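Asker: Chain U is fixed; fit chain Z onto it per the hints.
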Amino acid sequence: MLKDYFIYSVRNLKNRGLRSWLTMIGIFIGIAAVVSLIGLGEGLRITVMSQFGFLGPDVLGVQASGLAFAGPPGTGVVEPLSDEIADKIRKVNGVEASFNRYIESVTVEFNDRQEIGISGSVPEGKNRKIFEAMVNLKAEEGRLLKDSDTKKVVLGNNFKDNDDFGKGIRVGDKVQINGIDFEAVGILEKKGSFIFDNVVLMNERTMFDVIGVKKEEVDVVAVKVDNINNVNQVKKNIDKLLRKERDVKEGEENFQVQSPQQTLEALNSTLFAVQLFVYIIAAISLAVGGIGIMNNMYTSVLERTKEIGVMKSIGAKNSAIFTIFFVESGLLGMVGGIIGIILGMIFAFGLSAAGRVFLGSELIQASVSLFLIFGALLFSFTLGTAFGLLPAYQASKLNPVDSLRSVK
Amino acid sequence: MRKSIIKLENVWKTYTMGNVEVNALQGLNLEVKEGEFLAIMGPSGSGKSTAVNMIGCLDVPTKGRILLDAHDISKLGESELAQIRGRKIGFIFQQFNLIPTLTALENVALPIVFQSVDRETRRKRSTELLEIVELGDRMEHKPTELSGGQQQRVAIARALANNPEVILADEPTGNLDSSTGETVMSFLQKLNRKEGKTIILVTHDKNVATHADRIEFLKDGKIIKSLNRKGG
Numbered sequence: 001m002l003k004d005y006f007i008y009s010v011r012n013l014k015n016r017g018l019r020s021w022l023t024m025i026g027i028f029i030g031i032a033a034v035v036s037l038i039g040l041g042e043g044l045r046i047t048v049m050s051q052f053g054f055l056g057p058d059v060l061g062v063q064a065s066g067l068a069f070a071g072p073p074g075t076g077v078v079e080p081l082s083d084e085i086a087d088k089i090r091k092v093n094g095v096e097a098s099f100n101r102y103i104e105s106v107t108v109e110f111n112d113r114q115e116i117g118i119s120g121s122v123p124e125g126k127n128r129k130i131f132e133a134m135v136n137l138k139a140e141e142g143r144l145l146k147d148s149d150t151k152k153v154v155l156g157n158n159f160k161d162n163d164d165f166g167k168g169i170r171v172g173d174k175v176q177i178n179g180i181d182f183e184a185v186g187i188l189e190k191k192g193s194f195i196f197d198n199v200v201l202m203n204e205r206t207m208f209d210v211i212g213v214k215k216e217e218v219d220v221v222a223v224k225v226d227n228i229n230n231v232n233q234v235k236k237n238i239d240k241l242l243r244k245e246r247d248v249k250e251g252e253e254n255f256q257v258q259s260p261q262q263t264l265e266a267l268n269s270t271l272f273a274v275q276l277f278v279y280i281i282a283a284i285s286l287a288v289g290g291i292g293i294m295n296n297m298y299t300s301v302l303e304r305t306k307e308i309g310v311m312k313s314i315g316a317k318n319s320a321i322f323t324i325f326f327v328e329s330g331l332l333g334m335v336g337g338i339i340g341i342i343l344g345m346i347f348a349f350g351l352s353a354a355g356r357v358f359l360g361s362e363l364i365q366a367s368v369s370l371f372l373i374f375g376a377l378l379f380s381f382t383l384g385t386a387f388g389l390l391p392a393y394q395a396s397k398l399n400p401v402d403s404l405r406s407v408k
Numbered sequence: 409m410r411k412s413i414i415k416l417e418n419v420w421k422t423y424t425m426g427n428v429e430v431n432a433l434q435g436l437n438l439e440v441k442e443g444e445f446l447a448i449m450g451p452s453g454s455g456k457s458t459a460v461n462m463i464g465c466l467d468v469p470t471k472g473r474i475l476l477d478a479h480d481i482s483k484l485g486e487s488e489l490a491q492i493r494g495r496k497i498g499f500i501f502q503q504f505n506l507i508p509t510l511t512a513l514e515n516v517a518l519p520i521v522f523q524s525v526d527r528e529t530r531r532k533r534s535t536e537l538l539e540i541v542e543l544g545d546r547m548e549h550k551p552t553e554l555s556g557g558q559q560q561r562v563a564i565a566r567a568l569a570n571n572p573e574v575i576l577a578d579e580p581t582g583n584l585d586s587s588t589g590e591t592v593m594s595f596l597q598k599l600n601r602k603e604g605k606t607i608i609l610v611t612h613d614k615n616v617a618t619h620a621d622r623i624e625f626l627k628d629g630k631i632i633k634s635l636n637r638k639g640g
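Chains U and Z are the protein sequences, given in the same order.
If you read the first sequence in the working numbering, its first letter stands for residue 1, the second for the next number, and so on.
If you read the second sequence in the working numbering, its first letter stands for residue 409, the second for the next number, and so on.
Please keep in mind that the hints were generated in silico from the structure rather than gathered at the bench.
Given the structure is predicted, the values throughout are model-derived calculations rather than measurements.
By construction, the Cβ of each residue, glycine as well, lies at the ideal position given by its N, Cα and C atoms.
Wrong hints could be hidden among the right ones.
Example chain Z residues on the side facing chain U (calculated, C-beta under 10 Å, incomplete) [claimed, not checked]:
hint, residue
1, A490
2, I497
3, I507
Computed far set for chain Z versus chain U, every beta-carbon distance over 10 Å [unchecked claim]:
hint, residue
4, N418
5, G426
6, G544
7, G556
8, T591
9, F595
10, T618
11, I623
Simulated crosslink set (DSSO-like; lysine-lysine; CA at most 27 Å straight-line) [claimed, not checked]:
hint, chain 1, residue 1, chain 2, residue 2
12, Z, K483, U, K306
13, Z, K471, U, K317
14, Z, K471, U, K397
15, U, K235, U, K249
16, U, K317, Z, K483
17, U, K317, Z, K415
18, U, K249, U, K88
19, Z, K550, U, K306
20, U, K235, U, K224
So that you can see chain U by itself, here it is in the shape it has in the complex (with noise of 0.2 Å):
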């Protein structure tokens, strides 16, 4: 039976054409709207946990600020750590392993093309083992390097199949390095992270004797705490220690120590006031769309008045008006829905498309779950027939006699 009310609410929607239309607009521009941007939040979430999340939440970087210029993190700036407040570091309570990280623009040179790159350092003994297990490190091919290695660089995924040197470089090729030769013995699998797919790992004695690199001057240190609970106790402890090393008051720090888990709630608090205006903006033009389907079945009550009454004389129940009206505006809402799930979705990968084209950036990504699908047509669905409860009551309760007596 319900089939055949929703086959005679398909048949009404149809035969008021444009103004079902028009009465859509507003759900498909507040469901288009939900859609793309939590699509494209999520995507961008989704891909910024791709750059941090290899780190583990036991993981804090430190690293000097203040005045930096452009360029890799913790590079460029007017005072850099020093490795002997790397060593200072190390024997903070509560530290298990740290090591010095060397960051280091630059000119990668292969089949006769020249690109600017970022070298990073891998630390070497013991470390070693520490730092590929924090950063979950694998070849995909060749393999990741040796203390002995000099003149050997492991290169991230995008090296493999980058067009800017006209052809991809493999396991044995020669690159040159700042116009020192080098072979790559590994390509590092996909991580999906900007820096670890391009970047170009060298051994960090390598960084000092062959690039030139400063040993004083340490980018980042890297710190593994030995108790996960301890992570903000020893976060303290290094903001203390530098603090008096660095001679800098509280809340004047030229430096950050940071945990990828402060990174990340930093960011989903700045996408969540996106998305919060953004909900606003939606929850307007839905509020919008519901009054106007409301409109609508209102409208429609009045028009098929009579009909109603037609219908209850040849022994339609109040429950069956009642359904038929409820059923249309519920289709209107999903209708709309579905029209702004797709939109939503055209926008959001439309857009990442063209990030990628244009910027040349994976950053905007877009992702569209079935959840999000699914929970989007079940709201419209849910805010039409909301809408229409009143219109669809009012039509069931009309009175036959004076329904039938109707002009319309």
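Answerer: Leaving out everything else, chain Z in the frame of chain U:
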């Protein structure tokens, strides 16, 4: 003796229009027997429409009793009345009152939908009925694609959908030319004679009323004259 199918006992209907109370029916007494073809005639304002509403269970009286198959329906709620209407009474209106968005077949099937009958049975029954009213070739047409006479025949088929005991026709020829009206009337007559349906016809047209066995004249909400054309 034929059993009484509808009985109105001292039925009053009072409408309040502003501050004025209008008595549309003033102690109407009427009995319709099974298989009868009854015509109710009267000038406008005589209470014809109100009487039809009472007989058709569309409205309940202010005072008095209405017995349908010996059951008092005057105190029933709207949904119970709707079910009784759907099962026991078939309506034919002056304006045909077909649902414009539905095809002829769907219009005929609609009363059966409201009785929660399965799709296959509905389809079979509606097709049969449309064939009876000679519209077997117009089943998929919408009302706007049919002539007035054809629409009224669809309405007749719809009235018969749940095989009701009573057909209530309110000015069924009012919107039709005389020859089409005659066709419709002969259908109704056939239903009465061959199928044994009780038919209650409301009209102001004497020629139409002559198809009935008995004519009741209504004025000021009361029967003022009865004419038994079968001589019973």
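Asker: Does each hint fit the structure? Answer for all of them.
Answerer: Verification of the hints:
With a least beta-carbon distance of about 5 Å to chain U, the hint placing Z:A490 at the interface is held under the 10 Å criterion. Hint status for Z:I497 relative to chain U: holds, with the closest Cβ pair at about 8 Å, below 10 Å. Annotation: Z:I507 was flagged as interfacial toward chain U, and the flag holds, the nearest CB pair being 6 Å apart, inside 10 Å. The claim that Z:N418 is not at the interface with chain U holds, since no C-beta of that chain comes within 10 Å of its own (minimum 21 Å).
Every C-beta of chain U lies more than 10 Å from that of Z:G426, the closest at about 16 Å, which supports listing it as non-interface. Listed as outside the interface, Z:G544 is consistent with that label: its C-beta sits roughly 22 Å from the nearest C-beta of chain U, beyond the 10 Å cut-off. With a least CB separation of 17 Å from chain U, Z:G556 remains clear of the 10 Å interface cut-off, as annotated. The beta carbon of Z:T591 is kept farther than 10 Å from every beta carbon of chain U, the shortest such distance being approximately 23 Å.
For Z:F595, the condition that its CB be more than 10 Å from all CB atoms of chain U holds, with the nearest at approximately 18 Å. In this structure Z:T618 is separated from chain U by more than 10 Å, as the shortest Cβ-Cβ distance comes to about 27 Å. Interface exclusion of Z:I623 from chain U stands, the closest Cβ pair being 24 Å apart, more than 10 Å. A C-alpha spacing of about 25 Å is found between Z:K483 and U:K306, which places the hinted pair at or below 27 Å, so the restraint holds.
For a cut-off of 27 Å, the pair hint linking Z:K471 to U:K317 stands: about 24 Å separates their Cα positions. Taking the CA atoms of Z:K471 and U:K397, the gap is near 23 Å; set against the 27 Å cutoff, the hint holds. Simply put, U:K235 and U:K249 have alpha-carbon atoms about 16 Å apart, close enough for the 27 Å limit, and the pair holds. For the suggested pair U:K317 and Z:K483, the alpha carbons sit about 17 Å apart, so the restraint of at most 27 Å is met.
Only pairs whose Cα atoms come within 27 Å are accepted, and U:K317 paired with Z:K415 is accepted, the gap being roughly 24 Å. Of the supplied pair hints, the one linking U:K249 and U:K88 holds, its CA atoms being roughly 19 Å apart against a limit of 27 Å. Simply put, Z:K550 and U:K306 have alpha-carbon atoms about 18 Å apart, close enough for the 27 Å limit, and the pair holds. Taken as a hint, the U:K235 and U:K224 pair is honoured in the structure, with Cα atoms around 11 Å apart against an allowance of 27 Å.
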